[in-house]
Amino acid sequence: MTSIEFTGLIFLISGVAGFLGALTGLGGGVVITPALTLLFGVDIRYAIGATLVSVIATSSGAASAYVREGFSNIRVGMFLEMATTPGALLGAFLASKTPTHALAIIFGTVLLFSAFLSTRHREDEWGTGGPDRLATKLKMNSTYPTPAGRVPYTVQRVKTGFALMFGAGVISGLLGIGSGALKVIAMDQAMRLPFKVSTTTSNFMIGVTAAASAGIYLHRGYIDPVLAMPVMLGVLTGSVAGARLLAGAENRVLRLVFGIVVAVLAIEMIYSGFTGRI
Amino acid sequence: MTRWSEEQVDTIIGLLLRWGVILSVTVVMAGGTWYLLRYGAAQPAYHVFRSEGHEGHPQALIQFGLLLLIATPIARVVFSIFAFAAQKDWAYVAITSAVLSILLYSLASAAI
Numbered sequence: 000m001t002s003i004e005f006t007g008l009i010f011l012i013s014g015v016a017g018f019l020g021a022l023t024g025l026g027g028g029v030v031i032t033p034a035l036t037l038l039f040g041v042d043i044r045y046a047i048g049a050t051l052v053s054v055i056a057t058s059s060g061a062a063s064a065y066v067r068e069g070f071s072n073i074r075v076g077m078f079l080e081m082a083t084t085p086g087a088l089l090g091a092f093l094a095s096k097t098p099t100h101a102l103a104i105i106f107g108t109v110l111l112f113s114a115f116l117s118t119r120h121r122e123d124e125w126g127t128g129g130p131d132r133l134a135t136k137l138k139m140n141s142t143y144p145t146p147a148g149r150v151p152y153t154v155q156r157v158k159t160g161f162a163l164m165f166g167a168g169v170i171s172g173l174l175g176i177g178s179g180a181l182k183v184i185a186m187d188q189a190m191r192l193p194f195k196v197s198t199t200t201s202n203f204m205i206g207v208t209a210a211a212s213a214g215i216y217l218h219r220g221y222i223d224p225v226l227a228m229p230v231m232l233g234v235l236t237g238s239v240a241g242a243r244l245l246a247g248a249e250n251r252v253l254r255l256v257f258g259i260v261v262a263v264l265a266i267e268m269i270y271s272g273f274t275g276r277i
Numbered sequence: 000m001t002r003w004s005e006e007q008v009d010t011i012i013g014l015l016l017r018w019g020v021i022l023s024v025t026v027v028m029a030g031g032t033w034y035l036l037r038y039g040a041a042q043p044a045y046h047v048f049r050s051e052g053h054e055g056h057p058q059a060l061i062q063f064g065l066l067l068l069i070a071t072p073i074a075r076v077v078f079s080i081f082a083f084a085a086q087k088d089w090a091y092v093a094i095t096s097a098v099l100s101i102l103l104y105s106l107a108s109a110a111i
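Respectively, the protein sequence lines represent chains A and B. Note that numbering that gives the first Met the number 0 numbers the first sequence so that position 140 is 139, with each residue one more than the last. Note that numbering that gives the first Met the number 0 numbers the second sequence so that position 83 is 82, with each residue one more than the last.
It is possible that some hints are incorrect.
As the list claims (entries may be wrong) - Taking lysine-lysine pairs in the DSS-like style, the calculated list, with each CA pair at most 25 Å apart, reads:
1) K138/A with K87/B
2) K87/B with K136/A
3) K158/A with K138/A
4) K136/A with K158/A
5) K138/A with K195/A
6) K195/A with K158/A
Hints were generated in silico from the structure; no laboratory data involved. This one's a predicted model, so the numbers in the text were calculated from it and none came from an experiment.
With the sequences and hints as input, model every part of the structure.
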């Protein structure tokens, strides 16, 4: 296969990944590494480097749209970034020390966990308890827009959220993914933020967290420009297209299908890690 | 410095991010096209990991585009520091500066 054929194929697969990721809200980056390693035999380090680049691109692109709607809570996001960015540094450092087959197994396990999370039913209670003292001191409680006007909410369990975010950062740095699902869970379940606030804030945080590990990835040579190029462009194109179609899509079925595809890829990765194929 | 409203801050951040991505994508596409025009018939070999990377001008252009991309969220953080300072929110100037220092540390390790 020549470079131009390879690039074209990668672009297409990345486009599909970005498209499905946008439609299901799960983020396309997560299937890029399995696709590259399992289908193309790409070394997992190049794969996670390319994925990380696409994660920064889609996160910044998405955040640019959401930030003007007034949902994201910049203070909560920035405060939690104090946990995710050191986590990302640690994760990137650990990635360089982890043998590739172990990385594959860890990746597959995290992927499986994400697939499970994506099919769970959501609960929509928030801000019911009293606000966290730290949240009030740091002016995190805020409001979000609804058709009826701005609705206030309070932020709870800041310390728990902080700890969870450190973990999400480590995973992001270790595997080159956005950990968006984990971030949303921490903000939604632990800190009791309204769902749309969690997702939009998580969106902006993902890019900053990924940028923290990007420097280390570059230093270690994980980000190959020729591989990252079609992945980044493909995922961006796919997610823009997917976001356009979001209005009319039947999400539940898609989420289930995507969840199954992700689960299959996850199991393949774990298996390949054990057999030493990766 | 004039006091910006939250909405104005959000709008500027949105524009920063959008144009950062657009600029980066343009440079990456230019570099990518150049690379394919020159090396399109070569055989890629990504199953072997070589940390020193591949040399070449088109690749360097793509790499520059990727650096622009990484700089985009960093620029956003820098802007937030100014926005918080304009609102005299010193706690968040400190918090955001801490985040920025981690980002710069990471980038610095790439330059070495």
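Status of each hint after checking the structure:
| no. | hint | verdict |
| --- | --- | --- |
| 1 | K138/A with K87/B | holds (13 Å) |
| 2 | K87/B with K136/A | holds (15 Å) |
| 3 | K158/A with K138/A | holds (15 Å) |
| 4 | K136/A with K158/A | holds (13 Å) |
| 5 | K138/A with K195/A | holds (19 Å) |
| 6 | K195/A with K158/A | holds (21 Å) |
Comparing the model with each numbered hint stated earlier shows that all of them hold.
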